[in-house]
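Colleague: One-letter residues, chain by chain:
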Amino acid sequence: MLDLINVSYDTQIPNNVGLSSDKKVLKALERWHPGYINWWNDLIPQNFQESMVYLRTAVSVDPKGWAKFDYVKMPEYRWGVLLAPQVEDRRIPMGEHAGELAWQEVPGEYRNMLKRLIVIQGDTEPGSVEQQRFLGLTAPSLYDMRNLFQVNVEEGRHLWAMVYLLFKYFGKDGREEADDLLRRSSGSEEAPRMLGAFNEETPDWLSFFMFTYFTDRDGKMQLESLAQSGFDPLSRTCRFMLTEEAHHMFVGETGVGRTIQATLDAMNKAGITDPYDINKIREMGVIDLPTIQKKLNLHYTLSLDLFGQEVSTNAANAFNSGIKGRYMETRIDDDHRLQGDTYVVRTVKNGLIVAEDVPALTAINMRLRDDYVRDAAGGVGRWNKLIEKSGIDFRLTLPHEAFHRQIGVFAAIKADPEGNIISDDEWEKRRDEWLPSKADGDFITSLMKPCFEPGKFASWIAAPKVGIDNKPGDFEYVKLHMA
Amino acid sequence: MTKRIEFQVDPAAYRHWKIDYDGAVANLTMDVDENGGLFDGYQLKMNSYDLGVDIELADIVQRMRFEHPEVKVVVMRSGKDRIFCAGANIRMLGGAKHTHKVNFCKFTNETRNTFEAAEEDSGQKYIAAVKGACAGGGYELALACNHIMLTDDSSSSVSLPEVPLLAVLPGTGGLTRVTDKRRVRRDRADVFCSTEEGVRGKRAAEWRLVDEVIPNSKFDETVDRRAREFAAASTKADVAQGIALGPLDRTFHEDGSVTYSTVEVQANRAGRTVTITIKGPEAKPPADMTAFEAQGDQAWMLRAAREVDDAILHLRLNEPELGLMVWKTQGDAEVLLAHEALLMTNRDHWLANEVLQYWKRVLKRVDVTSRSMVALVEHGSCFAGVLAELLFAVDRSYMMEDEFEGDNRPIAAVTLSDANFGPMPMANGLTRLATRFLGEPEAVTAAEARKDVGLEAEEAEAAGLVTEILDDIDWEDEIRIFLEERASFSPDAMTGMEANLRFAGPETMETRIFGRLTAWQNWIFIRPNAVGENGALQRYGTGVRGEYNMERV
Ligand SMILES: [Fe+2]
Ligand SMILES: [Fe+2]
Chain G
1 MLDLINVSYD
11 TQIPNNVGLS
21 SDKKVLKALE
31 RWHPGYINWW
41 NDLIPQNFQE
51 SMVYLRTAVS
61 VDPKGWAKFD
71 YVKMPEYRWG
81 VLLAPQVEDR
91 RIPMGEHAGE
101 LAWQEVPGEY
111 RNMLKRLIVI
121 QGDTEPGSVE
131 QQRFLGLTAP
141 SLYDMRNLFQ
151 VNVEEGRHLW
161 AMVYLLFKYF
171 GKDGREEADD
181 LLRRSSGSEE
191 APRMLGAFNE
201 ETPDWLSFFM
211 FTYFTDRDGK
221 MQLESLAQSG
231 FDPLSRTCRF
241 MLTEEAHHMF
251 VGETGVGRTI
261 QATLDAMNKA
271 GITDPYDINK
281 IREMGVIDLP
291 TIQKKLNLHY
301 TLSLDLFGQE
311 VSTNAANAFN
321 SGIKGRYMET
331 RIDDDHRLQG
341 DTYVVRTVKN
351 GLIVAEDVPA
361 LTAINMRLRD
371 DYVRDAAGGV
381 GRWNKLIEKS
391 GIDFRLTLPH
401 EAFHRQIGVF
411 AAIKADPEGN
421 IISDDEWEKR
431 RDEWLPSKAD
441 GDFITSLMKP
451 CFEPGKFASW
461 IAAPKVGIDN
471 KPGDFEYVKL
481 HMA
Chain Y
1 MTKRIEFQVD
11 PAAYRHWKID
21 YDGAVANLTM
31 DVDENGGLFD
41 GYQLKMNSYD
51 LGVDIELADI
61 VQRMRFEHPE
71 VKVVVMRSGK
81 DRIFCAGANI
91 RMLGGAKHTH
101 KVNFCKFTNE
111 TRNTFEAAEE
121 DSGQKYIAAV
131 KGACAGGGYE
141 LALACNHIML
151 TDDSSSSVSL
161 PEVPLLAVLP
171 GTGGLTRVTD
181 KRRVRRDRAD
191 VFCSTEEGVR
201 GKRAAEWRLV
211 DEVIPNSKFD
221 ETVDRRAREF
231 AAASTKADVA
241 QGIALGPLDR
251 TFHEDGSVTY
261 STVEVQANRA
271 GRTVTITIKG
281 PEAKPPADMT
291 AFEAQGDQAW
301 MLRAAREVDD
311 AILHLRLNEP
321 ELGLMVWKTQ
331 GDAEVLLAHE
341 ALLMTNRDHW
351 LANEVLQYWK
361 RVLKRVDVTS
371 RSMVALVEHG
381 SCFAGVLAEL
391 LFAVDRSYMM
401 EDEFEGDNRP
411 IAAVTLSDAN
421 FGPMPMANGL
431 TRLATRFLGE
441 PEAVTAAEAR
451 KDVGLEAEEA
461 EAAGLVTEIL
471 DDIDWEDEIR
481 IFLEERASFS
491 PDAMTGMEAN
501 LRFAGPETME
511 TRIFGRLTAW
521 QNWIFIRPNA
531 VGENGALQRY
541 GTGVRGEYNM
551 ERV
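Here the protein sequences line up with chains G and Y, keeping their order. Sequential numbering of the first sequence, starting at 1, is according to my numbering. Sequential numbering of the second sequence, starting at 1, is according to my numbering.
One or more hints might be untrue.
[As the list claims (entries may be wrong)] When the alpha-carbon atoms are kept at most 27 Å apart in a straight line, the in silico DSS-like pairs for lysine-lysine are as follows: (1) Y:K97 - G:K115; (2) G:K269 - G:K294; (3) Y:K202 - G:K168; (4) Y:K202 - G:K115; (5) Y:K279 - G:K429; (6) Y:K181 - Y:K202; (7) G:K449 - G:K429; (8) G:K115 - Y:K279; (9) G:K73 - G:K27; (10) G:K115 - G:K27; (11) Y:K284 - Y:K236; (12) Y:K3 - Y:K18; (13) G:K280 - G:K456; (14) Y:K360 - Y:K279; (15) G:K115 - G:K280; (16) G:K269 - G:K115; (17) G:K465 - G:K269; (18) Y:K97 - Y:K3; (19) G:K389 - G:K294; (20) G:K389 - G:K68; (21) G:K465 - G:K294; (22) Y:K80 - G:K349; (23) Y:K45 - G:K27; (24) Y:K45 - Y:K18; (25) G:K456 - G:K389; (26) G:K172 - Y:K202; (27) G:K349 - Y:K45; (28) G:K479 - G:K68; (29) Y:K202 - G:K24; (30) Y:K80 - Y:K218; (31) G:K24 - G:K172; (32) Y:K236 - Y:K181; (33) G:K349 - Y:K3.
Calculated directly from the structure, the hints in this document are not laboratory data.
The task is simple: from the sequences and hints, build the whole structure.
Modeller: Structure, rendered in structure tokens:
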């Protein structure tokens with residue numbers, strides 16, 4: 001009998017889907033593998049490829065003890081295909097098929113829709129690795145460098161997860177799509193990634209932390225809603241990916257928190273109480289809180305754009321077909337069909353932001369975005385606790401959903417962070433108050449000096465409270481290969 | 001739909017298109033204003049279009065020829081990111097009456113045909129530079145261009161998703177151009193037309209869905225280069241300056257009638273009939289083409305064509321119940337033919353060519369107008385040359401024979417000219433006379449031998465040029481009875497019968513579009529699977545799929 005909990009390493013590709021007996025898919029994956037390795041090798045700077053990184057690798061899909069930690073060279077990381085265990089008698093949770101047995105094969109009529117969703121999800125995974133490719137060079141510590149690489153290899157594995165689905169269930173089309181996932185590349189003029197936020201630069205480590213906090217959280221919401229899918233293999237894949245995604249958001253939240261902490265500590269030490277005394281604060285080699293707010297504004301709003309149009313036919317179709325659910329679908333107390341229901345969507349009418357009831361089915365994106373906003377507020381609250389505790393009078397806030405948007409109804413207007421509609425002129429004048437300016441970027445870049453000594457941290461970031469895998473503070477998370 | 005749909009557009013007020021003229025190359029950018037829909041109830045998202053967007057496009061294509069003859073290549077692009085054009089707006093289609101849908105499709109088809117033919121007719125070549133999703137009507141726009149360039153960014157695609165997504169057809173020439181123009185193998189066409197996401201990259205070129213696939217980083221420069229190459233290779237003569245197309249001289253009346261400078265549209269709503277009278281030129285023609293150019297849009301040949309064109313479009317969209325069109329002319333045939341002769345003898349002059357080509361299009365518009373049409377050749381009329389073509393476009397014609405009491409107008413005559421034997425072909429590629437005399441080709445030869453001569457009733461009848469000749473005694477009654485009878489028939493049966501009888505002879509891509517494709521589309525447009533309460537078109541956007549009656553008909 002197939003062992004569906006523990007990962008089998010009997011093929012080149014670790015898996016719990018019985019790949020060794022699924023010759024067709026195995027062969028296809030093996031054919032794709034070299035392209036993937038090339039992609040990875042071309043991406044990450046060479047000296048890091050040869051460094052030993054203390055990484056966790058999945059060995060089972062059992063929530064308890066699914067990973068083991070060890071030193072590994074990244075190109076030798078065992079990227080695998082891991083699906084959460086199959087739930088017996090699982091039913092489709094929503095849409096017109098609600099209550100029917102979940103599909104183990106792709107239903108022909110939904111093939112295209114499913115494929116599109118998988119490709120879009122798959123496209124984001126390598127996208128972020130590409131965006132972050134040079135960050136290793138300026139890591140503020142070996143601890144952070146290790147976290148970066150952990151996130152990177154797992155995003156790589158998420159790509160594998162999606163590619164497996166494409167190979168297994170979508171035939172020739174699926175293979176072509178898998179090739180194109182390696183062809184597109186973040187920010188490329190030739191073939192950019194599909195979603196805007198994945199073509200933006202991640203120029204510095206604060207951006208990386210903001211990205212993993214805000215943008216990986218979009219990923220989490222998408223995975224949560226795909227985990228509801230009536231197409232069981234997709235659901236199982238996403239459920240396992242979520243366990244990895246949690247770590248990415250941990251890296252983001254603690255990274256921003258530690259950045260704030262370093263600033264607070266330096267301010268208190270120097271007796272500075274005014275958070276807007278920016279020059280003095282910066283002179284100490286830390287990032288002032290107003291600039292952190294600007295970074296937050298940028299990454300949060302780019303992430304909101306990832307939810308797409310507030311009112312969306314595609315989202316409605318996907319929900320109704322049972323392909324993609326809502327956040328925590330099974331815990332929502334309604335009929336899970338939504339055919340007569342409405343949902344409140346904010347929109348712009350005659351120059352004002354107004355709330356409007358629209359058919360709930362078409363507002364699936366909006367609903368997920370609302371859930372996201374609530375979810376994202378949690379960490380911001382915890383950052384504010386740190387600030388409060390330090391006695392400095394400052395609060396970080398999530399800007400209004402109309403602020404700085406490129407997609408959806410608010411793309412047509414300009415608004416300040418409080419959600420007041422303003423003129424284009426006013427926007428141009430005040431933009432730098434709200435979003436990182438060139439000078440802010442230059443300043444942050446000036447702080448991005450590598451700090452590769454075990455146990456040491458760059459000036460602008462505090463040490464973590466606990467180590468990875470409970471390792472001591474001076475643990476050498478990366479044994480650098482310095483050629 | 002109470003507001004009048006206006007086909008005259010002020011180019012300073014385009015809402016959906018931008019044009020940038022750069023010598024021999026014009027850059028045409030589709031940038032549809034979401035909130036600029038012709039009617040309420042939908043937004044023109046993702047560069048989707050409605051009739052209003054297409055009216056602007058038709059205006060641009062028309063002005064390109066007359067106002068910008070220096071242009072040899074037109075590059076059509078999208079002003080939006082990641083989307084070329086999403087096609088006809090689905091919510092608009094879902095909300096529109098059947099009549100509107102059909103007329104919308106007809107007009108968009110005519111516009112596509114017009115810019116498609118611009119290369120052959122006027123030496124203006126259209127390039128579609130496709131970046132982003134090019135879906136449905138969007139791909140049909142591209143298909144009507146003479147050259148399609150697609151960027152290879154691994155997400156831009158061309159597609160015809162109508163069938164799987166909406167349960168209707170790509171009815172603006174899509175199905176036909178894929179097989180007849182692009183000559184895509186039919187099994188590949190089958191795959192293409194039933195796959196929602198379409199085809200991208202190299203395969204699009206391999207299947208001949210596009211002409212070129214270009215690396216994204218080189219796309220813009222390749223498009224620019226290609227445009228310049230085409231312009232350099234063009235055999236179109238250089239023209240320094242075009243003529244301006246000013247607003248029409250036009251007055252609308254309460255009762256539905258419209259007065260133009262050369263056309264009188266007289267509505268009889270109670271009788272469901274409209275009489276269109278074209279008044280021939282009174283003044284002598286301009287001495288030469290220089291003088292013609294100086295007259296510009298006031299030259300009779302151009303002015304009349306524009307006015308007839310506008311009248312037909314107005315009647316089609318705004319007066320759906322005027323089911324019977326009666327065509328009349330009044331004027332001096334000789335003077336008219338002198339005007340026509342100036343153009344016919346100067347056919348290599350750009351403007352002469354444009355005006356003649358325009359008459360060709362106007363007459364084709366008459367051909368595909370789904371109204372019963374009759375021509376009355378009365379005394380004092382000038383059915384000569386291009387206007388005589390109307391006799392062969394309509395379903396029947398009646399001619400006055402001999403003198404009528406109290407009528408001192410010149411005796412009715414029909415005069416053929418060179419214009420009737422080549423330059424004004426129908427959609428089937430034949431002249432109207434060749435189509436008319438499909439079973440007796442010698443009648444065409446005989447008619448040609450008698451051109452430039454005014455043929456009075458008996459001769460015209462003998463030559464087969466009119467349906468019936470009637471004298472003073474019978475005329476009034478016979479005509480009245482015919483009109484009353486015709487106006488009482490089922491409009492559907494009339495439309496179907498006339499459309500079938502009008503286009504004898506060979507099939508062309510154009511006849512297949514207006515006949516086969518349109519007819520199937522119009523059938524689907526009334527079937528519940530598409531337009532029923534639970535049909536795909538109605539349900540589009542709700543997330544709930546259409547419910548189909550699975551019975552094959
Ligand atoms: Fe991921
Ligand atoms: Fe992630």
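Colleague: For this structure, which hints from the list above don't hold up?
Modeller: 1, 5, 7, 8, 11, 15, 16, 20, 23
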